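There are 2 protein chains.
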Amino acid sequence: MAGIRDVAKEAGVGVGTVSRFLNDSGYVSEEARTKIEDAMKKLDYTPNELARNLYHKKTGIIAVLVPNVSNPFFAEFVDCVESELYNAGFKMMLCNTEKESNAELEYLDMLNRHIVDGVITGVHSLKAEEYRRIHKPIVALDRYLGEEIPVVAVNHKEGGRLAAETLIENGCKKILHFIGSTRVESPYHERHYEFERIMKENNIRTICYELEWNRLDAQYYKEAVKDVMSQNIDFDGVFGVDRLAIECMNEVIRRHKKVPKDVKFVAYDGTYITEMVEPELTAIVQPIGGLAKESARLICKLINGKMYKDKNIILNVELKKRKTTSV
Amino acid sequence: MAGIRDVAKEAGVGVGTVSRFLNDSGYVSEEARTKIEDAMKKLDYTPNELARNLYHKKTGIIAVLVPNVSNPFFAEFVDCVESELYNAGFKMMLCNTEKESNAELEYLDMLNRHIVDGVITGVHSLKAEEYRRIHKPIVALDRYLGEEIPVVAVNHKEGGRLAAETLIENGCKKILHFIGSTRVESPYHERHYEFERIMKENNIRTICYELEWNRLDAQYYKEAVKDVMSQNIDFDGVFGVDRLAIECMNEVIRRHKKVPKDVKFVAYDGTYITEMVEPELTAIVQPIGGLAKESARLICKLINGKMYKDKNIILNVELKKRKTTSV
Chain A
1190 MAGIRDVAKE AGVGVGTVSR FLNDSGYVSE EARTKIEDAM KKLDYTPNEL ARNLYHKKTG
1250 IIAVLVPNVS NPFFAEFVDC VESELYNAGF KMMLCNTEKE SNAELEYLDM LNRHIVDGVI
1310 TGVHSLKAEE YRRIHKPIVA LDRYLGEEIP VVAVNHKEGG RLAAETLIEN GCKKILHFIG
1370 STRVESPYHE RHYEFERIMK ENNIRTICYE LEWNRLDAQY YKEAVKDVMS QNIDFDGVFG
1430 VDRLAIECMN EVIRRHKKVP KDVKFVAYDG TYITEMVEPE LTAIVQPIGG LAKESARLIC
1490 KLINGKMYKD KNIILNVELK KRKTTSV
Chain B
1190 MAGIRDVAKE AGVGVGTVSR FLNDSGYVSE EARTKIEDAM KKLDYTPNEL ARNLYHKKTG
1250 IIAVLVPNVS NPFFAEFVDC VESELYNAGF KMMLCNTEKE SNAELEYLDM LNRHIVDGVI
1310 TGVHSLKAEE YRRIHKPIVA LDRYLGEEIP VVAVNHKEGG RLAAETLIEN GCKKILHFIG
1370 STRVESPYHE RHYEFERIMK ENNIRTICYE LEWNRLDAQY YKEAVKDVMS QNIDFDGVFG
1430 VDRLAIECMN EVIRRHKKVP KDVKFVAYDG TYITEMVEPE LTAIVQPIGG LAKESARLIC
1490 KLINGKMYKD KNIILNVELK KRKTTSV
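Sequence order for the protein chains is A and B.
Residues 1190 to 1516 (the working numbering) make up the first sequence, in order.
Residues 1190 to 1516 (the working numbering) make up the second sequence, in order.
Keep in mind that the hints are not guaranteed to be accurate.
Identical chains share a label here; the pair holds if one copy fits it or two copies do between them.
Keeping only pairs whose Cα atoms sit at most 25 Å apart, straight-line, the calculated BS3-like set for lysine-lysine is [claimed, not checked]:
1. 1325 to 1346
2. 1230 to 1363
3. 1198 to 1230
4. 1362 to 1446
5. 1447 to 1247
6. 1230 to 1325
7. 1512 to 1325
8. 1512 to 1446
9. 1316 to 1447
10. 1288 to 1490
11. 1231 to 1325
12. 1450 to 1510
13. 1230 to 1495
14. 1495 to 1446
Honestly, the hints are just simulated from the structure, not real lab data.
Predicted model only: the values in this text are computed from it and were never measured.
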């Protein structure tokens, strides 16, 4: 295989000139450029990217950590963020942390070991301190990891308000409210607080069902719904993440109740699966493409040396009225 | 930041000894090892992984190419293959090729440029010749890319047979059959051939609807179903991939027909979404975890220097009878 020396010899220029050309690191005359390009073509020379990266101290790789990419929210996020990073000239390394408890720490360590230039993290098994001690480009999706790490999230409080108002307008009196585990700090709890506050203000009863931490698999959602149903709770409205709302709705339909006549549903996240079931679910929709775009934009800026403190990017949610509510 | 020279000085050994120690590339005495480890700890020295990779000519990264990770089949595959690769000591670089037509070629090129050690590809926009000229570790998921590239797939012929027999047993007489684009060579066409063969043998009418090539997005599936429905075709049985079967079933239900009484459905792939709708779909289930395991195992073997010719790994599918068929 041809090396940099062969290229220099063929082009009739010095090795240093070829090196400057390849690394875009100093003056190379137009004439020399043409000669080097011709020589590279003639010798079928491919620069060793590893060596170039070593020189630039950049790898062009960004790690994206999610609990589980088979969850439709994260699947859509990963899909979009990969496109955004690709367009910005970066490759994406993906890690599902749910199955491997040490993976999160290992990927953070890869920042130190110059394998990745930055990390976008949508997980939070580690204590925030672990993140704080790393002074490298990290962007958090919907997680608080300390004041040095910027957060991209939606306005969950607004999401909680829209969901509450919709169920109230629909005349619901006893509402089953699935809430995420409160074990970790995250902006997403705000939707639950706001939802509960509004319900209390309107004297409407809610039954809260707190989910286990870090369980996002289909099996668990089915179990949780079975567990709720076995308690013979009477409810006429449901608020929960897409898959829980769907599982719950299916169970309600199997028990010969009518949707939305007997029970109304508002799903949270509004991924494509809410449009894949019959009836289609009314949902608070997170702009996943927008979250991906902002996460990619921020990590690129951090890699280019910009620093942020207490930077939060908050996007708007949207209420999509479909067929599981009547008004 | 401390460098290899500082470590050598602190440990009182030569730079070459530290290099041999770090790269595990020659004799280093026990005494020197202890001194180097102590010095590294004292100086908080982290070896530059890029430099080590350059030495070993390995990056520990495998690229996985899929058309679209938000498609549930690929989401589950990526989820599983990432775990398998992680356990084998590799990181996964993920690329969705649907949005970027040049990405496939670019990732193959990364094999040549020493950025990744291997590629697992579930896409096929490129001509097989592009793959054949690369003599590096590549494994194809459900695609024929030439005799030098091993294929991991399921027994689609058996899948087609099981689907056909199920719909025949259920008394279907006019069957709507969604078929994948025949524009590319893939093992998956065999299910359609076998399905059609058996139907012909049994004098059962099928209406074939060929899908556009490389369209796996939710929007397209909805459009395809609308297109079929607008043609006022009369059918009592449907065979198609999960999302098409689901969209079609929802439309049938909206038109006040009963499932499975009036129309029977058999879905292909059997991802979690077939269990997320009501009624749950009878499906031919591909063992996605098994496909991931075999793909990971093969790519690791290829990276370790093993060569294959005409190697096909064919896994069994499973018929899951659920609620969209009666017998």
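Consistency of the hints with the structure:
1. 1325 to 1346: neither (30 Å within a copy, 51 Å between copies)
2. 1230 to 1363: Neither, since 73 Å and 59 Å both go past 25 Å.
3. 1198 to 1230: Only inside one copy: residue 1198 and residue 1230 sit 14 Å apart there, 44 Å across copies, limit 25 Å.
4. 1362 to 1446: within (17 Å within a copy, 33 Å between copies)
5. 1447 to 1247: Classified as neither: same-chain Cα gap 58 Å, cross-chain 59 Å, threshold 25 Å.
6. 1230 to 1325: Classified as between: cross-chain Cα gap 21 Å, same-chain 38 Å, threshold 25 Å.
7. 1512 to 1325: Classified as neither: same-chain Cα gap 46 Å, cross-chain 52 Å, threshold 25 Å.
8. 1512 to 1446: This pair counts as both: shortest intra-copy Cα distance 15 Å, inter-copy 19 Å.
9. 1316 to 1447: neither (45 Å within a copy, 52 Å between copies)
10. 1288 to 1490: between (31 Å within a copy, 24 Å between copies)
11. 1231 to 1325: between (41 Å within a copy, 22 Å between copies)
12. 1450 to 1510: Cα proximity of residue 1450 and residue 1510: one copy only (15 Å, versus 31 Å across).
13. 1230 to 1495: neither (38 Å within a copy, 31 Å between copies)
14. 1495 to 1446: Close neither inside one copy (56 Å) nor across copies (59 Å); limit 25 Å.
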